[in-house]
Amino acid sequence: MKFKAAIFYPAIGAAFFLFASVNDRAQQLPVGHATDFTSNQYFEPPNGQQVKMRLSGAEALPLPGGSLDVRQLRVETFSLDGKAEVIVRAPQCNYSPFDGMANSAGHMELQTGDGKVHVEGDGFLWRQTSSSLTISNHVRTLIDMPGATMLGS
Amino acid sequence: MKKIIFILTLGICGAVMAQTNGQLNLPLTLRTNAPAPKAPAKPKPPTEINSDTADFDLNIHQAIYRGHVLVADPQVRMTCAWMLVDLPTGGVHLSHVVASTNVVVDFVDQKGQTNHVTAAKAVYDYKVVGAVTNETVTFSGNPIVDMPTITIYSEPLVWDRGENKYHFTEPRMISKDNGTNGPAQKLF
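Residue numbers (numbering that gives the first Met the number 0), protein chains in the order written: chain B, 0 to 152; chain S, 0 to 187.
Calculated directly from the structure, the hints in this document are not laboratory data.
Glycine included, each C-beta is placed from N, C-alpha and C at the ideal position.
Keep in mind that a hint or two might mislead.
[Unchecked claim] Okay, derived cross-link-like pairs now, DSS-like style, lysine-lysine, Cα gap no bigger than 30 angstroms in a straight line: (1) B/LYS115 - S/LYS43; (2) S/LYS126 - S/LYS110; (3) B/LYS115 - B/LYS82; (4) S/LYS41 - B/LYS115; (5) S/LYS175 - S/LYS41; (6) S/LYS164 - S/LYS120; (7) S/LYS43 - B/LYS82; (8) S/LYS110 - S/LYS164; (9) B/LYS82 - S/LYS126; (10) S/LYS120 - B/LYS115; (11) S/LYS43 - S/LYS110; (12) S/LYS126 - B/LYS115.
[What the hints assert, rightly or not] Selected chain S positions facing chain B (in silico; Cβ < 7 angstroms): (13) THR46; (14) SER50; (15) ASP54; (16) LEU57; (17) ASN58; (18) HIS92.
[Claimed, not checked] In silico negatives: residues of chain B with every beta carbon more than 12 angstroms from chain S: (19) THR37; (20) GLN48; (21) ARG70; (22) ASN93; (23) GLY105.
Generate coordinates for the entire structure from the input sequences, incorporating the hints supplied.
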């Protein structure tokens with residue numbers, strides 16, 4: 000999985016971005032304070048115009064080492080037909096654009112696009128490149144479809 | 000005074016009719032010999048899963064729960080140490096669940112009997128092939144079913160959810176009535 004394009008859109012406030020290339024990945028890294036930003040990851044060709052994942056936040060503050068302190072994180076993944084598959088929300092997290100990881104000791108929530116599955120917990124690690132999420136503590140899942148209890152359908 | 004009450008009554012009736020688009024909606028209880036209409040079924044509450052940690056692979060739509068896993072809904076309570084859930088993209092029905100390590104399931108069957116099932120592993124599979132639905136739970140790793148009148152040991156122990164029957168393999172049964180081992184018999 001590679002980034003074909005990751006674009007930050009600073010909407011409000013002062014935002015300063017430098018552009019850097021890591022291997023064959025085109026990334027745009029904020030080096031200053033940004034607000035209301037969005038980063039899109041696209042599917043591989045021939046679906047390169049379709050957004051696969053969108054990462055957005057209300058505020059991003061630079062941290063030592065190139066990471067960002069992101070407030071009101073929102074990660075959305077999409078299917079090829081454009082439907083939202085998963086939405087992840089967290090009030091705060093540290094996001095490393097270089098390796099595509101976000102983590103926090105705080106609360107987070109995940110919900111599927113159809114609303115059938117809702118997950119929340121405390122402390123998480125999001126690996127952008129593998130689209131995987133680890134929740135460390137107090138995981139609570141609500142599944143609104145038969146079969147989850149094995150015997151209760 | 001009677002005139003005022005009459006006018007007020009007409010006003011209330013008028014308001015009720017106006018709020019129901021002309022259809023009179025009165026709180027009357029009519030008694031007939033016809034069977035009472037069935038109340039609409041209440042939507043089943045979602046199943047809740049609690050655990051210490053969890054990993055979600057969003058590419059293959061799979062969740063793995065670890066540590067003090069508790070699955071509960073109004074009918075069933077299950078605990079284990081590890082559980083894998085395949086989450087279908089369509090969101091219609093879970094198709095594959097694996098519970099492992101100290102699996103304990105408690106539920107009340109259709110006869111109203113409590114069932115307490117323990118095993119090292121439980122695998123739930125749900126498949127629809129044509130018009131046939133296969134829905135089974137296979138318990139393995141020293142599975143035991145404990146019911147009010149009997150305890151049954153079977154390796155493996157398969158619950159066919161479609162037929163709502165247990166399928167035993169070389170079962171050993173202990174009746175609680177006289178405490179003796181009984182011969183293998185069809186229970187369900």
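Each hint, compared with the structure:
no.: 1; hint: B/LYS115 - S/LYS43; verdict: holds, 13 angstroms
no.: 2; hint: S/LYS126 - S/LYS110; verdict: holds, 26 angstroms
no.: 3; hint: B/LYS115 - B/LYS82; verdict: holds, 14 angstroms
no.: 4; hint: S/LYS41 - B/LYS115; verdict: holds, 17 angstroms
no.: 5; hint: S/LYS175 - S/LYS41; verdict: violated, 37 angstroms
no.: 6; hint: S/LYS164 - S/LYS120; verdict: holds, 19 angstroms
no.: 7; hint: S/LYS43 - B/LYS82; verdict: holds, 26 angstroms
no.: 8; hint: S/LYS110 - S/LYS164; verdict: holds, 12 angstroms
no.: 9; hint: B/LYS82 - S/LYS126; verdict: holds, 25 angstroms
no.: 10; hint: S/LYS120 - B/LYS115; verdict: holds, 26 angstroms
no.: 11; hint: S/LYS43 - S/LYS110; verdict: holds, 20 angstroms
no.: 12; hint: S/LYS126 - B/LYS115; verdict: holds, 19 angstroms
no.: 13; hint: THR46; verdict: holds, 4 angstroms
no.: 14; hint: SER50; verdict: holds, 5 angstroms
no.: 15; hint: ASP54; verdict: holds, 5 angstroms
no.: 16; hint: LEU57; verdict: holds, 4 angstroms
no.: 17; hint: ASN58; verdict: holds, 5 angstroms
no.: 18; hint: HIS92; verdict: holds, 5 angstroms
no.: 19; hint: THR37; verdict: holds, 19 angstroms
no.: 20; hint: GLN48; verdict: holds, 20 angstroms
no.: 21; hint: ARG70; verdict: holds, 23 angstroms
no.: 22; hint: ASN93; verdict: holds, 19 angstroms
no.: 23; hint: GLY105; verdict: holds, 16 angstroms
Hint 5 from the list above is the single one not met by this structure.
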